[in-house]
Each structure stands twice: as structure tokens, then as C-alpha cells.
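Engineer: Sequence:
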Amino acid sequence: MAVPIRRISLSRRTFLRGTGAAIALPWLSAMTPALTREAADPVRTCFIFAPNGQDMDGWTPRGAGSAFSLSKTLLPLEELQKQVLVISGLGIDAGRAHGDGPGDHARAASTYLTCMHPKKTGAADIRVGISADQVIAQKIGAATRFPSLELGMERGRRAGVCDSGYSCAYSNNISWRSETTPVAKETRPREVYARLFGDPADIASKQDRQRRLSDRRSVLDLALEDTRRLRRQLGGNDRAKLDQYLESIRSFERRLRQSETERPVAEVPAGVLDPHRLGTFASRLDLMYDLIVLAFRADLTRTVTFMLGNAGSNRSYRAIGVTDGHHDLSHHGKKPHKLERIRRINLWHAERFARFLRRLDEAEEGSSDLLEQSMVLYGSGLGDGNRHDHLRLPVVLAGRGGGAVRSGRHLVVKPRTPMANLHLAVMAKAGVHLKSFADSNRVLAI
Numbered sequence: 237m238a239v240p241i242r243r244i245s246l247s248r249r250t251f252l253r254g255t256g257a258a259i260a261l262p263w264l265s266a267m268t269p270a271l272t273r274e275a276a277d278p279v280r281t282c283f284i285f286a287p288n289g290q291d292m293d294g295w296t297p298r299g300a301g302s303a304f305s306l307s308k309t310l311l312p313l314e315e316l317q318k319q320v321l322v323i324s325g326l327g328i329d330a331g332r333a334h335g336d337g338p339g340d341h342a343r344a345a346s347t348y349l350t351c352m353h354p355k356k357t358g359a360a361d362i363r364v365g366i367s368a369d370q371v372i373a374q375k376i377g378a379a380t381r382f383p384s385l386e387l388g389m390e391r392g393r394r395a396g397v398c399d400s401g402y403s404c405a406y407s408n409n410i411s412w413r414s415e416t417t418p419v420a421k422e423t424r425p426r427e428v429y430a431r432l433f434g435d436p437a438d439i440a441s442k443q444d445r446q447r448r449l450s451d452r453r454s455v456l457d458l459a460l461e462d463t464r465r466l467r468r469q470l471g472g473n474d475r476a477k478l479d480q481y482l483e484s485i486r487s488f489e490r491r492l493r494q495s496e497t498e499r500p501v502a503e504v505p506a507g508v509l510d511p512h513r514l515g516t517f518a519s520r521l522d523l524m525y526d527l528i529v530l531a532f533r534a535d536l537t538r539t540v541t542f543m544l545g546n547a548g549s550n551r552s553y554r555a556i557g558v559t560d561g562h563h564d565l566s567h568h569g570k571k572p573h574k575l576e577r578i579r580r581i582n583l584w585h586a587e588r589f590a591r592f593l594r595r596l597d598e599a600e601e602g603s604s605d606l607l608e609q610s611m612v613l614y615g616s617g618l619g620d621g622n623r624h625d626h627l628r629l630p631v632v633l634a635g636r637g638g639g640a641v642r643s644g645r646h647l648v649v650k651p652r653t654p655m656a657n658l659h660l661a662v663m664a665k666a667g668v669h670l671k672s673f674a675d676s677n678r679v680l681a682i
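Sequence positions in the sequence shown follow the numbering used here and run 237 to 682.
Derived from the structure by calculation, the hints contain no laboratory data. Please read all numbers here as calculations on a predicted model, not as lab measurements. There's no promise every hint is true.
Stated by the list, open to error - The calculated BS3-like cross-link candidates involving lysine-lysine, where the alpha carbons are at most 25 Å apart (straight line), are:
1. Lys571 to Lys308
2. Lys571 to Lys318
3. Lys650 to Lys665
4. Lys375 to Lys665
5. Lys665 to Lys318
6. Lys650 to Lys308
Could you build the full structure based on these sequences and the hints that come with them?
Structural biologist: And the structure:
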């Protein structure tokens, strides 16, 4: 006589545990009875900052509304165009000098999510404003293991002067817990990985915990017994989902190990583009994007910020044949050879962003997917980097926020519409309703 399989009801906070490991699970149908619809379909927000602005002629789509054509820079988003909202006309007045002189890059980063004018100082008396991500995190962050994650591609000082009399804290952070407290970002994929999948109850030192999750051991092996036990209790569909999720973690670990042994790509002759020749920066960038996907899939956090570079970053992109510094090229002076190179950098980043969106789109969650359930802001606190313009910004909002965003459009708003209006709208669709934020004058209709 066949023994009936006992169905289980899992909490969304279920972890697979082992020595020093705690693996949060993706959404499984076994969790449905324990969840209300609102809890089962949480909205995620991700705020991505690109330094040095954009070449706005190469960025801005043609046409408006749903009948628009993506620009060359944004063409990598074509496959997901129906889930993308491009917004033109937003500005951050607080990023302008207002009598404080130079320092546009520091102001671009510090105002991107705060929309407040930073106090010009190189000392400890920094002051700007709370950022939109932290407003969300302080309201809904208790529902997840991490209220928010702050990630970046470049390390940077939090003290000293980095831009024309402005503290480095302004240039190197976009997330602010309060008007005087930036939230430090993590820039090493290995450390982010260890934080996400390490057991918070583990009393071992940080070094010992990271050693357990070293390149010699998989976090999956540490929790093998718990994994086997859970698989026996799951139905066929959930077992397949669990196996696919665990394989994505193992695949990530393999790429993480590979990236840690890579050497920077040697100089590529100008004009030679080879997407298969990736340097360590490209590998780390994709790993960071994938960590965001994993964190969202496991509902470890619902709010992330990600700096693709610090304000004024002068990184070169040798893997795509650009040996000039990024910041230097942003001051192209309309010279054709410099414009071609800055557009190459912008296109490359759009390709990496599109890859990230595809990963979200492929990640199932109940009857939906992560991109459907997310709002991903990609943009900068500068528009035309050549002119240090703060009033015509490059902005893309990807994802539908659980169906709350009317995507698949090019939304052209009145020039100089406050960026804070968009932040207010994103907050509301993430479940945080405020009457105003920074210099907002209404909730942007998105």
C-alpha cells in the first residue's frame, strides 16, 4: 500500500541551515497557505546610479507614449521594451551650484536619491537628506532579513575631500539613513555573498565565516542534510524550483571563483569590440547584479542601491577598447572620437543592465516573475556630463511594481519636473505613502 506524501506548509522565512550557512528559499507553492496575497507578492525596489551622466542625444528615445523607438544606447532593452518606462524631462535642482561653485559630481551622487542640496564641506559636518531607498527600508525593511542592501563597484573614502571642497561621503554614497549618515556600500562580491548566505546566529568571527564560504566549499554543501530533508517533503513542481534555484547559487559560486583568479584584460586596440573578453570589472559587475537577483528571489531584502561607479569615476574600459578615463570622456566637447567612446561605454553598461533585467524576468515568483514585481530605477544625477547639467536627466524605470506601473512607454514630462516626484511615486507603489519628499510638488503619474 502506497504511503501518502504529507504536504507541508512553509514559512517565507524558511532557511536551509548548516554549519555557518543559512540559505533563504525562493517562492514555492508550499508557502502559499501561509501567505496573504500581499505578503506573497512583495514589491522590490532597486536604485542604480551611473556616474558622469549620459550623452543625452544618444540616450533619448524617438517618439512619446507607447509609440516610441529606443535610442542606440538603450537598444539592448528592446527585448523587454514593454516592461520599461523611459522618462524624459526630470531634473534635480538641488544638484546645481546655488552659490557653492564647482562640485557637480559630488552633488550628482548625493542628490540622486535625496533631491536635497548637500552642505559644502570637507569636514565631518556633512548634511544632505534621507534617501528614497532608506525611506522605503525604514517602513518595510523589518519584513526581510536585511532592511536594505547597498552595493557598489568602486570603494571610496567616507572622509576627506573628493570633489572641489565636497566631502568624499557625497561622491561615494547614494544611500543616506538620515541627513547626516550615509550608508556604506559593499563592493566585493565575496563579502556580499557571505553576508547573504552566512548564518547570522553563527558566533564565529567574520573571517572564519567567510573562510567557510571560501572558494573551496559551496554553501550548498554546508546545508546538504537540510536540503535533502526538505526535498523529500516537497511536491514535484517545488522540487524542480528548488533544484533550479540551488543550481543558480552553485553556478554563481563557480563564476565567483573564476572572477577571483582573473587578471585585468590587456589593452584592446581602439575600435575593436569583443564582448567575450571580459576583465575583472565586467565579471564583478555581473556578479553584483546576480547577487541582487538572488537576494530578491530569496526575499532577503526588498530594497537595493547599486553604484556602478563613484561620482566622477575615471575608470577606463579596456575590455571594449576604451583606454581613456570615463570622466575625461564625459567632457567630450562634442569631439566625434570622444563621443564615440563615451557612447561605447554607455552602450556597454546598457547591455549589462539588460542582462540583469532578463535575469529578473526569468525568475518565477508564484504566477508572476521578479521583474513584474520590481521597480528598477537606472539613471544618474547628471544629464549631459559635458555641461554638468542637472535638469535633463537620463531615467529608466524597469518593471511593473506588481502591476502598478504602466510601462512600455516613453513618458515626456514638463522640463525640470522634480525627480522627487518620481521618488514619491515609487515609494507609494512600494507601500510607503508620503505627502511630499524633498522638493516634490506632486506624485508623478507612472
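Engineer: Give a verdict on every hint.
Structural biologist: A quick look at each hint next to the structure:
1. The suggested pairing of Lys571 with Lys308 holds, with an alpha-carbon distance near 18 Å, which does not exceed 25 Å.
2. The hinted pair formed by Lys571 and Lys318 fails the criterion: a straight-line CA distance of about 34 Å is larger than 25 Å.
3. Our distance criterion of 25 Å between C-alpha atoms is met by Lys650 and Lys665, whose separation comes to about 22 Å.
4. The hinted pair formed by Lys375 and Lys665 meets the criterion: a straight-line CA distance of about 13 Å does not exceed 25 Å.
5. Our distance criterion of 25 Å between C-alpha atoms is met by Lys665 and Lys318, whose separation comes to about 19 Å.
6. Restraint check for Lys650 and Lys308: the C-alpha separation of about 24 Å stays at or below 25 Å, so the hint holds.
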